[in-house]
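A.B. asks: Each chain, written out:
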Amino acid sequence: MALIKDGQPGPNDWQHLDDSETLPALGPVTVSLKRWQSQRDGLNRDGQPLGIRLEASDSPEALGDMPQEIPLIVLDMQAFTDGRSFSQAQWIRERLGYAGELRVRGDFLLDQVFYLARVGVNAFEFSDASQAQQALPRLHEFSVRYQAANDVKQPLYRYRNTAPIA
Amino acid sequence: MYHYDQYDQTVVDERVAQFRDQTRRFLTGELSEDQYRPLRLMNGLYIQRHAPMLRVAIPYGLLSTRQLRMLAHIARRYDKGYGHFTTRQNIQFNWPRLEEVPDILADLATVQMHAIQTSGNCIRNVTSDHLAGVTADELEDPRIYCEIIRQWSTFHPEFSFLPRKFKIAVNGAAKDRAATQVHDIGLQLVKNASGETGFEVLVGGGLGRTPVIGVVIRPFLAKSDLLSYLEAILRVYNRFGRRDNKYKARIKILVKELGTAEFTRLVEAEWALVRTQLILDDSEIERVTRAFTTATYESLPATCSTLDAALAEQPGLRHWWSHNTAPHKIPGYRVVFVSLKLPGQAPGDMTDSQMDALAELTDRYSQGELRVTHTQNLVLADVKLTDLQALWQQLSGLGLATANIGTAADIICCPGLDFCSLANATSIPIANGIQQLFEDTDYLYDLGDIRINISGCMNGCGHHTVGHIGILGVDKKGEEWYQITLGGSSATEAALGERLGPAVSRDQVVSVIDSIFTVYRNIRTDEEPFLATVQRVGLTPFQERVYGTH
Ligand code: SF4
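Heads up: the protein sequence lines correspond to chains A and B, in order. Counting from 0, one number per residue, gives the positions in the first sequence under numbering that gives the first Met the number 0. Counting from 0, one number per residue, gives the positions in the second sequence under numbering that gives the first Met the number 0.
These are computed hints drawn from the structure, not numbers from a lab. The C-beta atom is built at its ideal place from N, Cα and C for all residues, glycine as well. Hints may contain errors.
Claimed, not checked - What follows is a set of in silico ranges between Cβ atoms, one per label pair, in the way DEER data are often shown:
1. B:Val-215 - A:Arg-157: 22 to 32 Å
2. A:Ser-19 - B:Thr-209: 39 to 49 Å
3. A:His-139 - B:Ala-105: 50 to 60 Å
4. B:Thr-109 - A:Pro-136: 22 to 32 Å
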């Protein structure tokens with residue numbers, strides 16, 4: 000597995016646990032939203048890092064108001080055509096103001112990296128390093144962005160003709 | 000035309016580069032068929048019965064002669080010498096080679112055209128009134144807002160992988176020529192009580208398998224709120240629209256299942272949160288307005304005696320004038336429809352040489368711009384009365400002046416079984432068969448305005464459900480049969496057609512349509528148009544004639 004984080008290849012320290020797997024005593028792990036909701040306090044391991052995975056069908060409302068203490072939220076895509084993950088990212092960044100790592104894994108395409116980055120995903124998990132390599136330039140596939148989003152806070156018409164194409 | 004600036008141009012140029020790379024990866028096996036499919040669809044590329052089909056956007060139907068010449072070039076160089084204008088202000092090429100599609104897109108980009116989001120589960124080409132800007136009953140030119148929406152929706156980071164396709168139409172005139180009631184979102188420019196111009200917002204209309212007339216969810220939306228409100232609707236749809244069944248995935252089903260009140264409540268709640276964050280500035284509306292070319296008009300007399308004399312003498316010109324031209328808001332000018340419904344040809348088709356020749360005429364007589372209509376014809380919007388006769392003669396020479404606009408021979412027709420891999424039945428030969436009934440044009444003109452729409456399958460690309468007469472191809476044990484509906488309309492009082500009865504076989508369909516005409520002629524009151532007769536008498540007299548009384 001290969002990771003890109005904040006525009007750089009990077010190591011992945013996280014282990015993604017199935018709902019049936021027991022929590023290791025040490026080390027960063029992620030659990031599904033379902034497990035997080037049902038076991039909450041039982042997941043506490045003396046401050047060992049715990050992240051949450053959302054499938055496209057999960058309601059981001061379930062994260063509550065302030066997931067700031069959560070070090071990692073993962074959008075776990077089951078099908079690249081399921082655009083709900085994009086609205087989840089929007090919710091997490093814009094509505095909740097989440098500033099931690101927002102990662103995507105699972106079934107997404109290189110050609111979606113640009114869109115995902117724009118809605119606030121800052122980490123991408125790939126099955127192999129060559130995929131990750133190919134994804135890097137695609138983070139900036141288009142140099143013009145008409146809409147305001149997580150990356151550019153104003154629509155193009157607010158800065159048209161004042162900014163170079165970048 | 001809206002003229003691209005460096006930003007708009009960069010977007011289409013970079014899109015070409017991206018698609019070239021995607022196609023290369025597909026051809027070398029790096030992308031699977033399943034992975035390539037949504038990518039090519041978002042570039043309007045289908046794999047069809049014989050070859051790929053490429054759908055190119057003609058945003059809100061506006062086309063410059065430079066662009067039309069490029070379409071001619073593409074038809075000639077990459078296709079079999081023709082293109083097909085669709086009901087949604089796009090043009091389709093039926094025979095490109097997959098490997099050459101990136102080159103076609105590169106050629107298109109040189110004239111500020113593209114195929115971005117002409118297919119796929121995303122926000123499609125925004126459509127509008129083909130008489131925008133020249134019609135007297137208009138509040139404001141809707142195309143300014145279409146362009147603003149085009150830019151907002153292009154590669155939208157959040158709304159490019161929707162449950163299903165998403166179509167938006169904007170209309171600015173009192174008469175709805177943009178079919179706003181059968182779009183996922185319909186925007187109608189209106190004035191509120193204090194005299195401000197804004198939009199009435201309709202949601203959940205659509206044709207296809209489950210035709211629905213849209214509902215108004217906001218009677219008045221200020222212009223400054225346009226984009227934030229669209230964002231709210233799209234977010235509600237993206238989050239809650241069904242993804243388990245593609246036939247239930249359009250927003251109309253979500254609106255139905257939630258109920259209009261609950262759907263509206265969700266949109267309004269979302270809007271309250273985003274409204275102040277996405278204001279459409281007046282300065283942007285002005286910038287886009289300025290980026291459009293404006294027609295320049297001479298001050299001319301409202302009539303032309305030479306034309307009047309010619310009209311009195313020449314019945315051919317007279318028929319063309321009364322069917323293929325329409326009033327212009329400026330005295331001394333007339334709107335001209337270019338008929339793409341020459342009997343015996345596929346409705347909406349045009350050859351490369353016709354395109355080139357029409358570009359010539361448009362430069363000479365109509366300020367270098369054309370429009371594409373929903374009925375698969377073209378419009379030259381700014382023709383001087385003094386030029387009409389000359390234009391008519393030259394269009395006639397090109398086979399583009401068949402005086403049949405709005406008549407029963409002006410048939411909307413999808414490509415059907417001849418081209419489309421989804422089709423149940425042929426549609427073009429049916430259209431041609433009906434046109435053959437009108438060798439006697441007196442008969443055609445006597446029937447008056449009749450909209451006949453034909454689709455080769457339930458997807459309804461030929462908008463059969465809103466035809467005064469709708470014809471839908473269905474499959475019956477491998478044979479082509481046709482379901483007929485009467486009474487549909489996509490105009491201001493939109494209505495869905497009602498089924499006449501059991502489907503009829505391919506060899507019966509034309510004579511059934513002829514019987515429908517006969518019944519109409521027998522029972523209409525003076526001057527009563529076909530649709531009004533159907534509304535007055537219902538289906539029974541037609542059913543009795545077609546199926547017998549027992
Ligand atoms: S209506 Fe059906 S047959 Fe006709 S073009 Fe659309 S999908 Fe093809």
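A.B. asks: Look at each hint and say if it fits the structure.
C.D. replies: Now for the hints, and whether the structure bears them out:
Separated by about 31 Å at the C-beta atoms, Val-215 of chain B and Arg-157 of chain A satisfy the suggested range of 22 to 32 Å. The hinted window of 39 to 49 Å between Ser-19 of chain A and Thr-209 of chain B holds, with their beta carbons roughly 41 Å apart. For the pair His-139 of chain A and Ala-105 of chain B, the supplied restraint of 50 to 60 Å is violated, since their beta-carbon distance comes to about 21 Å. At about 25 Å, the CB distance of Thr-109 of chain B to Pro-136 of chain A agrees with the hint of 22 to 32 Å.
The structure does not agree with numbered hint 3 stated previously, though it agrees with all others.
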